[in-house]
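Enquirer: Construct the entire structure; sequences and hints are all you get.
Protein chains: 4
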Amino acid sequence: MNVFEDLESEVRSYCRSWPVVFDRAVGSRLYDEDGREYLDFFAGAGALNYGHNNPVLKQAVIDYMMRDGITHALDMHTVAKREFFQTLQDVVLAPRDLDYKVMLPGPAGANAVEAALKLARKITGRESVINFTNAFHGMTLGALSVTGNSMKRGGAGIPLVHATPMPYDNYLDGQVPDFLWFEKLLADSGSGLNEPAAVIVETVQGEGGINVARLEWLRGLAELCKRHGMLLIVDDVQMGCGRTGPFFSFEGAGFTPDIVCLSKSIGGYGLPLALTLLRPDLDVWEPGEHNGTFRGINPSFVAARTALTTYWSDRELEEATLAKGEHVAARLEKLVVEFPASGLTAKGRGLARGLQFPDGDTANKVCRAAFDRGLLMETSGPQGEVAKIMPALTITEDELDGGLDILADAVRTVS
Amino acid sequence: MNVFEDLESEVRSYCRSWPVVFDRAVGSRLYDEDGREYLDFFAGAGALNYGHNNPVLKQAVIDYMMRDGITHALDMHTVAKREFFQTLQDVVLAPRDLDYKVMLPGPAGANAVEAALKLARKITGRESVINFTNAFHGMTLGALSVTGNSMKRGGAGIPLVHATPMPYDNYLDGQVPDFLWFEKLLADSGSGLNEPAAVIVETVQGEGGINVARLEWLRGLAELCKRHGMLLIVDDVQMGCGRTGPFFSFEGAGFTPDIVCLSKSIGGYGLPLALTLLRPDLDVWEPGEHNGTFRGINPSFVAARTALTTYWSDRELEEATLAKGEHVAARLEKLVVEFPASGLTAKGRGLARGLQFPDGDTANKVCRAAFDRGLLMETSGPQGEVAKIMPALTITEDELDGGLDILADAVRTVS
Amino acid sequence: MNVFEDLESEVRSYCRSWPVVFDRAVGSRLYDEDGREYLDFFAGAGALNYGHNNPVLKQAVIDYMMRDGITHALDMHTVAKREFFQTLQDVVLAPRDLDYKVMLPGPAGANAVEAALKLARKITGRESVINFTNAFHGMTLGALSVTGNSMKRGGAGIPLVHATPMPYDNYLDGQVPDFLWFEKLLADSGSGLNEPAAVIVETVQGEGGINVARLEWLRGLAELCKRHGMLLIVDDVQMGCGRTGPFFSFEGAGFTPDIVCLSKSIGGYGLPLALTLLRPDLDVWEPGEHNGTFRGINPSFVAARTALTTYWSDRELEEATLAKGEHVAARLEKLVVEFPASGLTAKGRGLARGLQFPDGDTANKVCRAAFDRGLLMETSGPQGEVAKIMPALTITEDELDGGLDILADAVRTVS
Amino acid sequence: MNVFEDLESEVRSYCRSWPVVFDRAVGSRLYDEDGREYLDFFAGAGALNYGHNNPVLKQAVIDYMMRDGITHALDMHTVAKREFFQTLQDVVLAPRDLDYKVMLPGPAGANAVEAALKLARKITGRESVINFTNAFHGMTLGALSVTGNSMKRGGAGIPLVHATPMPYDNYLDGQVPDFLWFEKLLADSGSGLNEPAAVIVETVQGEGGINVARLEWLRGLAELCKRHGMLLIVDDVQMGCGRTGPFFSFEGAGFTPDIVCLSKSIGGYGLPLALTLLRPDLDVWEPGEHNGTFRGINPSFVAARTALTTYWSDRELEEATLAKGEHVAARLEKLVVEFPASGLTAKGRGLARGLQFPDGDTANKVCRAAFDRGLLMETSGPQGEVAKIMPALTITEDELDGGLDILADAVRTVS
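Protein chains in written order, with this note's numbering: chain A, 1 to 415; chain B, 1 to 415; chain C, 1 to 415; chain D, 1 to 415.
A hint or two may mislead.
[To be verified] Interface residues of chain D toward chain C, partial, derived using beta-carbon atoms under 8 Å:
1. E8
2. E10
3. A47
4. D68
5. G69
6. F85
7. P107
8. A110
9. L141
10. M151
11. A156
12. L160
13. P287
14. G292
15. I297
16. L335
[Claimed, not checked] Distance ranges between label pairs, derived from CB positions:
17. A/G360 <-> D/D361: 28 to 36 Å
18. A/E37 <-> B/D401: 52 to 60 Å
19. A/Q86 <-> B/D314: 45 to 53 Å
[As the list claims (entries may be wrong)] Here chain D is said to cover these stretches of chain C; the calculated rule only asks that three of the stretch's residues, wherever they fall, bring their Cβ under 8 Å from a Cβ of chain D:
20. 20–28
21. 89–103
22. 134–142
For the record, the hints were derived by calculation from the structure and aren't laboratory data. We put the CB at the ideal spot given by N, CA and C, even for glycine.
Expert: Following this line, the structure appears as structure tokens:
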């Protein structure tokens, strides 16, 4: 009996692309139950920036468990929570001159988004939110309503209203000045646009196809928000925690978001954790107005704190990520040049990279061929036309090159 | 510097009732950073049915981590997932003649509810859902829309539509025949009720004030659903996993829900896990139509599987829970009799018990007095008028009596 | 060629029940193009309380037209509007001690309802509205959302949200104390009911099946509204203008609605006119915040004013209506007694009367038989099970008896 | 006592611009109660295309009333309805090769729009509708949701969802290719746009500021609709019935709308009438699924029919309108040239003309100065920055020039 096919809902998906049963994993290597090894260019969809079962984090978690450190505590205060908060403040926020309150919105990125949207609406008294074409923010109803994918939206079973999509950077291929349409809608009292409470944006759209917004576009967006009294929410769930180089993906862009959503790699070890960061003056929540059972997952705090002290006390990881990212970019460009007839495009920033194919079918074949050669890569984009290169930030240069070799081989085979 | 006050959002709540910093916990005991001990009648709001850091589960999780068992795997297939699924089938579903597909909807109970509502709407093509007065189903937008509490609903910042409340069992104090109003609305094509896709119900309302639905009321509800083509969703997030005695709280009621939501204690160890169980013929999901990063939390699978084999291979825990529940009931009734002027009411089923006070202020004072005496209890109900007695199912009889002694003392003090 | 079948949309309905082509009409008599005469127990669904082409009103309108009195004037001030307003004040409002501002919301009853709902939401800042089972308030989206009929609601093509139905008087056959459920929902902060801006009610439900609310129930409703800060909107579109005896159907009930909707017979002559009356302190509209092209239909003002001075300067019409209503009631009761096996019920107040059959099919056959005998009656109620007796208030006693004779004959034939 | 100020709601607006009491009106002349004469460049906001109390129409209506032709008949068949339908078919639809079913949706333009939107949603099973910036479609909730003006939208008191605005022709000043954004949203399954049931458009936006869509833009829109399975609804309430020259404003554009909304001047005499025209295969209404009391206003049918036979049996009116329109355009252009520093823009098509000022304040002063000189003009546009020149189509050339002289004088005075 195959318990998966018999018992697991048809909604399952990753297991369809990689039809093996994984057992163990260390760093950038996974092993299936037959002992076969796989190189990981997927990294838990961004949840494993420090690799699988990172030994430093593992030791911290096991030590905590061994001494019966409290595991589940909702939003009770705990020693582990204090240490994590203090470290977040000392290692991440203070050095970047960021003044945020921290909210534990629930275990996952969608919870961070739900809380951000609630708060923005509560503060402004407006219902409408602006999202961007090909955005992905999660599957719960609030988060789904600002997500672009029509198949996933259709799953809601009710009309998803209250969000209006605007063109993401370069969506109209440079034919239209930035924010021309958006600003006109806001400025014109007859435009029919409901006044937005907030704008929610990813600095790089991961699920949307590794679409990179230019920093000046982001800065322009922040200025637009300020001019029109809209809160700017940066969903850094996938691109934060160093994925694009710096800890926050918006660093260096010359603006500070009003609200930031973090999850995925903030927990460090692949255990659930999510944070909503808010400008202190926006912290108008009533006690308990938003709550949930899985907010104080203390092993996640322990791993998170250890990750911050280990990887973010200096700029080593950031610089390595940028260097590796440049290396990937260069090799992807080589592929683009090598296969001029294939219509490839290299995309990305930091270690969020993509190779775009003319259609989803080709991208899929390439990822399948890569899998057959022992490399895990997933596709993204509206048609699944972009193969994602999202390795752990801790991947070695050899592993990185090994994976890129496989990718090149897979492209060659499919072309 | 107090990092909590400076850094944590005002939305925090439990830490306000219990203003200490917890550090360790074992079984039904918690310890704050000063080493003070607390007895636990709260059990992680139902997430810790097997106690804090249950040694059997702990060992299993640590063993898994030590051997670098994969931690984070989305819905990839893993050995840990297979073993959990197989055990769920063998130990829980098959012996109860339950034929369900299993869906991993995300890490928390709200995700299980969101997925259930989506699916019910997709299947029926209807948008409307029936919920009950004083229901609690979660804080994400879909789950919140079927939750009763007006303060929490207000946090949404948008009108929560698509749900219509019906009176929970005994809501109108026995003055109205069961389902008179509900059935009339359904039968009358001029009633103005939008045809519901589903009914979502808790068999015992935990957050709503430990309100217990009679089994015949639940059975009547199931029949009503069948007659009118509405799917019946049982939210067993808090009352499942043995809280009321049997594994599912609806066992013995003579009906089978179409969809069941599980979370909280299903993971066993206080680590996030959630399941949506569905009748196989309802499994009309497209692959990936509902997804999320934190669905395959393998340490949770390991703990969950170990909990099932340890506690549900025989009927020992169920019987012990029922016996302890009766014991609590008897002692609460004694309190009711002892303080006739105080207007107390004893409520509950299994180890989901409540002592209802005439108002929230009194209940709060009693819980505060209990805390001062080293006992953790929270209030529930629309005014917070019900003190909840929800210990770990594994609490010893001595601990249980110790806690009840403290409770009695607290009632005496406040009265 | 039959231009109707070829050209008119399938949505047409009355012409299906009465498949003739009408040409002329005077008082309570209609004539088809072949000269056949029909007695009118329908009165334009309540729009013709003073009969067809009432000669006094006709003369006033023609005189106005002959002297080129302005016809179309939006909400510009006109002599005809001033005279109508002054007469409304002197003849209707002042003598009843009613202090209302008058709004011209558009040409029809649905406009009066749309404006009332908008205003109630604007004033309270709440979105939700309470309507009643089997309510009918109109076909535009706002009015439809508070209408009960499921076929008509389905026509919206979008989920109609923001309204929650409550049981109309006697809906649950006296098994439940008045407002038990409604008041509990309002009083319980955990009930899940969104706080309502307003309650909209018909004192007698015409389309809903001539359901009569007792005056004490209406008074109880008004008190409930006051206690909970909800505005009370009485939709007197069909039951106002003397249909139940007094000018307003709520006179004598011991309460004053916050907002009153009038249309149908307010124009007197069957020409469109609608009014929304509001308590002066509720008049928070911005100039032009609600507007529309057909608000100042001056021939309607002229007819309306003439109707008020002719019929409402004394109590003659009111008393005659009550007497005729009693007469109809007595004759209907005779029918009930005469056909004990037929399960008839006599219903109504004033000259809004109904004879309820066990099912719509029988009621339909009776109305068809009546039509064959030269009497126009329509059915109402969720299944069309109620034959409506709604003659012009100016019908003669002979005509009334003639019609009732036909009805009795039709019942006999069908039984 | 001033009955208007004391009794009429603050929502009144036109009477604030023209603070006199009108009494009589003939053709393009109105007279106030003091006998002062006003020239009409307003024409009942488009409801009086044939002038006030047009003598031919007046005679027909009075004759009908004198012979007791039935006045109010809902959707019963009448001789007057048949004659109107037959004439509409013979004079308007057949000669233009238009194959439409005719629906009586209620008395006013908003009803025609509400019915069109309902039908489009019913047919497609989709909820979303595309409207355009600065659109105006009416004040009932469905019509208001596709209207642009934020003040009027705010009056709804609930979030107006289900509509997404697109840029009207030339909204972005020619910087963006037509439909670039709209088509990209439709083609991209990840755009986040809910699939639209329909597009609703005015060929010239009257309330929006006399914005004229080019015929090729309209044709492009029609093609876009066809490609993406969206129904195209043309709201010809203000621009139909000859306002732009031809009977329908879209004649000659090379496409046929799926649904057309007519009202205002279709009744001819300023009495309410509205029509929704639908492609025969779209006529999927259930009998009575949309209804209403004021649909069969027979005096309106009589006037409407007379207007069609009088003015549309040949092309005389159409040609005269075009010629007069050109004349107005030329004189407006002269004003633009005469006052180069004033930033004037002349706009319009046919006899729907506008003179745009840099701001609403100036436009308002000009209209006020015109009124002081005996000319009625209103402003439109989001800031009220466009003075509308919308005389009766039957205005004489002398009257037209007289009004334009006053306008020129008013501009001179204000400049």
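Enquirer: So, D/L141 near chain C? Judge it on the closest CB pair being under 8 Å.
Expert: holds (4 Å)
Enquirer: Return the status of the interface hint for D/F85: holds when the least beta-carbon distance to chain C is below 8 Å, violated otherwise.
Expert: holds (5 Å)
Enquirer: Have a go at the D/G69 hint: is there a Cβ in chain C nearer than 8 Å to its own Cβ?
Expert: Nearest chain C Cβ about 6 Å off; hint holds.
Enquirer: How about D/P107: closest beta carbon in chain C under 8 Å, or not?
Expert: Cβ of D/P107 sits 4 Å from chain C, so the hint holds.
Enquirer: Is it true that A/Q86 and B/D314 lie within 45 to 53 Å of each other by Cβ?
Expert: holds (46 Å)
Enquirer: Once the shortest beta carbon distance from D/I297 to chain C is found, is it less than 8 Å?
Expert: holds (7 Å)
Enquirer: For the hint on D/M151, does the least C-beta distance to chain C fall short of 8 Å?
Expert: Where the cut-off is 8 Å and the nearest Cβ of chain C is about 6 Å from D/M151, the hint holds.
Enquirer: Restraint: D/G292 near chain C, CB-CB cut 8 Å. Satisfied or not?
Expert: holds (5 Å)
Enquirer: Report holds or violated for chain D covering the segment 89–103 of chain C, Cβ cut-off 8 Å, minimum 3 residues.
Expert: holds (count 4)
Enquirer: Does D/P287 pass the interface hint, meaning its C-beta sits closer than 8 Å to a C-beta of chain C?
Expert: Where the cut-off is 8 Å and the nearest Cβ of chain C is about 5 Å from D/P287, the hint holds.
Enquirer: Are there at least three residues in the segment 20–28 of chain C whose beta carbon sits under 8 Å from a beta carbon of chain D?
Expert: Result for this restraint: holds, n = 7.
Enquirer: Hint check: is the beta carbon of D/E10 less than 8 Å from a beta carbon of chain C?
Expert: holds (5 Å)
Going down the numbered hints, you'll see the structure goes against 12, 16, 17, while the others check out.
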